[in-house]
Amino acid sequence: MKNMKPRLKVREQEAVERNNNFLEVALGYSLEEAKQEALRCIQCKNPRCVQACPVRVKIPEFIKLLLEDALDESFETIYDDNILPSICGRVCPQESQCEGACILGIKAEPVNIGALERFVGDYGMDKDLADKPVPASNGIKVAVVGSGPAGLANAASLRRKGYDVTIFEALHDYGGVLKYGIPDFRLPKDIVTNEIDNLKKMGVTFVKNAVIGKSITIDQLKEEGYESIFIGSGAGLPSSLGIPGENLSGVYFANEFLTRVNLMKARAVPDSLTPVKLGDNVAVVGGGNVAMDAARTAKRLGAKNVFILYRRDRKSLPARLDEIHHAEEEGIDLRLLQNPVELTGEDRIVKQVKVEIMKLGEPDSSGRQRPLPTGKYKTYDIDNIIISIGQKPNPIIKDNTAGLDTQPWGGIITDEYQMTSVEGVFAGGDVVTGAATVILAMGAGKDAAHHMDEYLKNKHARTS
Amino acid sequence: MYKIVDKKSYNQDVDWMLVEAPLVARNAKPGHFVILRVDVDGERIPLTIAGIDGNNVEIIYQKMGYSTKLLGEKNVGDTIEDFVGPLGQAAHIRDKKHVIGVAGGVGSAPLLPQLRAYKEQGAKVSVILGGRTKDYVILKKEYEAFCDHVHITTDDGSAGQKGFVTDALNPLLESDDTIDHVIAIGPVIMMKFVTEMAKKHDRSIDVSLNPIMIDGTGMCGNCRVTIDDKTYFACIDGPDFPGEHVDFDELMSRQNFYKDEEHACKLRLKKQ
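Residue numbers (this note's numbering), protein chains in the order written: chain H, 1 to 464; chain V, 1 to 272.
If you are wondering where the hints come from, they were derived from the structure by calculation, not from laboratory data. Keep in mind it's a predicted model, so treat the numbers as computed, not measured. Mixed in with the good hints there might be a few duds.
Unchecked claim - Straight-line C-alpha distance at most 20 Å; calculated EDC-like pairs for lysine to aspartate or glutamate:
no.	chain 1	residue 1	chain 2	residue 2
1	H	Lys265	V	Asp167
2	V	Lys200	V	Asp167
3	V	Lys192	H	Asp347
4	H	Lys208	V	Asp39
As the list claims (entries may be wrong) - Computed list of chain H residues with no C-beta within reach of chain V, every gap over 12 Å:
no.	residue
5	Glu76
6	Met125
7	Gly139
8	Lys208
We put the beta carbon where it would ideally sit given N, CA and C, even for glycine.
I would like the entire structure built from these sequences, with the hints used as guidance.
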């Protein structure tokens with residue numbers, strides 16, 4: 001590997017420039033750049049990257065086809081396993097999946113698989129390569145609850161197997177967290193819309209404004225002839241800090257803040273009907289991708305001082321490495337080992353956050369060093385604080401479905417075949433695991449489609 | 001797209017509308033609400049369901065903000081972009097003998113199906129309908145059709161008793177021991193005072209809270225309210241709650257946080 005070229009950096013918008021817009025930060029590879037980076041792949045016989053991918057994309061194969069200028073085939077190779085390549089290339093935590101497993105990473109830097117997937121995905125999108133014939137409907141109706149990554153992957157897989165698939169979405173737009181959560185500068189919304197249009201072309205039916213459990217219950221879906229149901233409703237219920245002052249005005253959950261900006265298109269007041277009120281000094285609590293998204297969004301909306309409060313140390317930050325780097329380049333201040341303990345305000349509007357300084361103790365169940373209190377405190381003046389410490393599954397389906405077993409924290413319990421305690425009803429993604437990643441949800445949706453297919457085949461074999 | 005099947009005006013500010021929405025109508029009960037968006041760029045606004053007629057849903061709205069004014073410009077045959085529900089918890093119809101409903105302005109719309117449910121359960125029901133003027137006392141006939149007593153108050157005395165709803169409620173709670181429950185729906189300040197009065201006279205009370213909401217399904221958390229020092233999401237835990245321990249002052253402050261921006265929206269409406 002002596003002559004190996006270094007990993008080719010993806011071109012990016014300059015930090016000073018991108019702080020003033022919502023355009024994508026990473027600009028992606030050109031064909032020449034993609035091929036230059038693709039040359040670095042050593043085409044392992046037993047590729048560890050594929051094993052580390054939740055949907056098992058045949059990575060060396062698509063890279064080889066890219067090098068051979070067989071771009072259509074390269075796209076089809078990815079699309080076979082991953083129906084959202086342009087999205088995954090942008091938002092997957094590659095460093096802990098495919099790239100984390102890349103053999104080159106041991107002595108040098110791994111192949112930039114994410115950027116290559118994005119390049120090939122975007123090529124396929126431009127050429128409309130996803131528009132391929134699918135089997136005619138087998139007449140068996142299945143319902144998918146939620147149009148986020150889990151639901152989309154599940155619906156696509158089931159449609160390819162011949163089922164008559166309907167996706168029910170609670171909001172007025174499709175895509176779930178891809179639309180309301182992840183900002184444009186990381187994932188432009190027209191890419192999400194395009195991927196959804198591909199599913200429509202495949203013959204998947206989409207129904208918006210349908211809150212399953214309210215508008216229609218799971219039992220009613222069964223009565224209407226849906227023979228199997230997949231619940232992929234995600235983790236939409238925000239977790240709170242449980243500290244005094246959380247209900248002061250100016251305190252946002254990241255969900256509210258990001259939904260206002262992304263789904264409801266809040267930008268400058270008074271042009272938006274759903275504006276977002278933001279002052280100069282904004283604190284964000286949490287260290288995940290959502291916290292980075294919220295902080296960088298606040299900066300773009302004009303906040304002067306944006307800082308992140310995280311109770312652990314830098315190496316424990318769960319966000320993608322790229323996002324942490326981007327946030328710091330954009331002037332977001334990471335205040336590590338600081339845990340908010342109280343919010344105080346004037347006239348019921350938040351003005352200060354008091355934090356306790358933490359130190360690191362023994363590793364906890366997550367393997368990270370447990371943060372311990374020191375009894376020392378600090379106070380910061382703020383205009384807003386955005387709480388971004390995780391989400392739990394929404395309780396609406398659980399509360400309105402008799403016999404559906406859930407964990408104490410709200411997650412739906414499934415067996416080894418992803419079936420819930422209600423026969424014929426399957427679940428996957430964040431609603432089962434708690435908040436995780438786009439690709440893990442997609443993997444769960446895709447795997448569930450396989451189990452649902454087996455279940456339906458057995459059921460029809462018994463009855464015919 | 002959701003078709004407007006019927007429409008009428010109660011006065012210059014308040015309309016009634018019947019919207020075709022089978023997915024909302026199917027499971028709707030008193031106390032549920034909908035979220036609608038008038039057009040593709042619209043904000044999501046919550047409105048309590050006033051009634052159900054087959055596949056159609058009744059709503060009553062006051063044209064006080066940008067979106068409700070825009071909604072008011074729609075006519076029979078036009079469509080509304082989005083209309084989702086039924087959201088929230090259905091009203092808890094308690095085991096009570098004589099219930100008095102107190103409505104301020106358009107609060108009489110969400111109150112109506114609840115009081116009717118009490119009547120159907122065999123309770124005696126009375127109502128106090130309050131409004132700025134005679135024109136703002138709406139649904140009087142509908143209430144008269146089933147209520148044992150209908151009391152009217154107006155700020156200017158143009159109908160019924162001159163004064164606030166509390167002026168009519170106080171003597172009733174003092175003189176009529178059979179009244180064992182109060183429901184108040186209207187502006188937060190009104191619900192706060194009615195709650196204080198019910199507490200003073202040792203009667204139970206339910207209120208319907210209307211904080212700012214975006215998704216209405218438990219996702220954004222904007223609608224959080226404090227009751228007995230515990231936080232609830234009005235969209236999934238409410239909108240109806242026992243009034244006794246509601247932090248009304250917090251609710252008013254949270255409602256007013258976007259007041260300047262709402263003002264800007266109204267200016268935009270004037271410019272057009």
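Verification of the hints:
Restraint check for H/Lys265 and V/Asp167: the C-alpha separation of about 45 Å exceeds 20 Å, so the hint is violated. A distance of roughly 14 Å separates the Cα atoms of V/Lys200 and V/Asp167; the hinted pair therefore holds under the 20 Å criterion. A C-alpha spacing of about 19 Å is found between V/Lys192 and H/Asp347, which places the hinted pair at or below 20 Å, so the restraint holds. Simply put, H/Lys208 and V/Asp39 have alpha-carbon atoms about 15 Å apart, close enough for the 20 Å limit, and the pair holds.
Once the 12 Å rule is applied to beta carbons, H/Glu76 is consistent with being away from chain V; the minimum gap is 35 Å. At roughly 24 Å from the closest C-beta of chain V, the C-beta of H/Met125 stays outside 12 Å, upholding its exclusion from the interface. The beta carbon of H/Gly139 is kept farther than 12 Å from every beta carbon of chain V, the shortest such distance being approximately 24 Å. Under the 12 Å C-beta cut-off, the non-interface status given to H/Lys208 relative to chain V is violated; the minimum distance is some 7 Å.
Consistency with the previously given hints fails for numbers 1, 8, ordered from lowest to highest.
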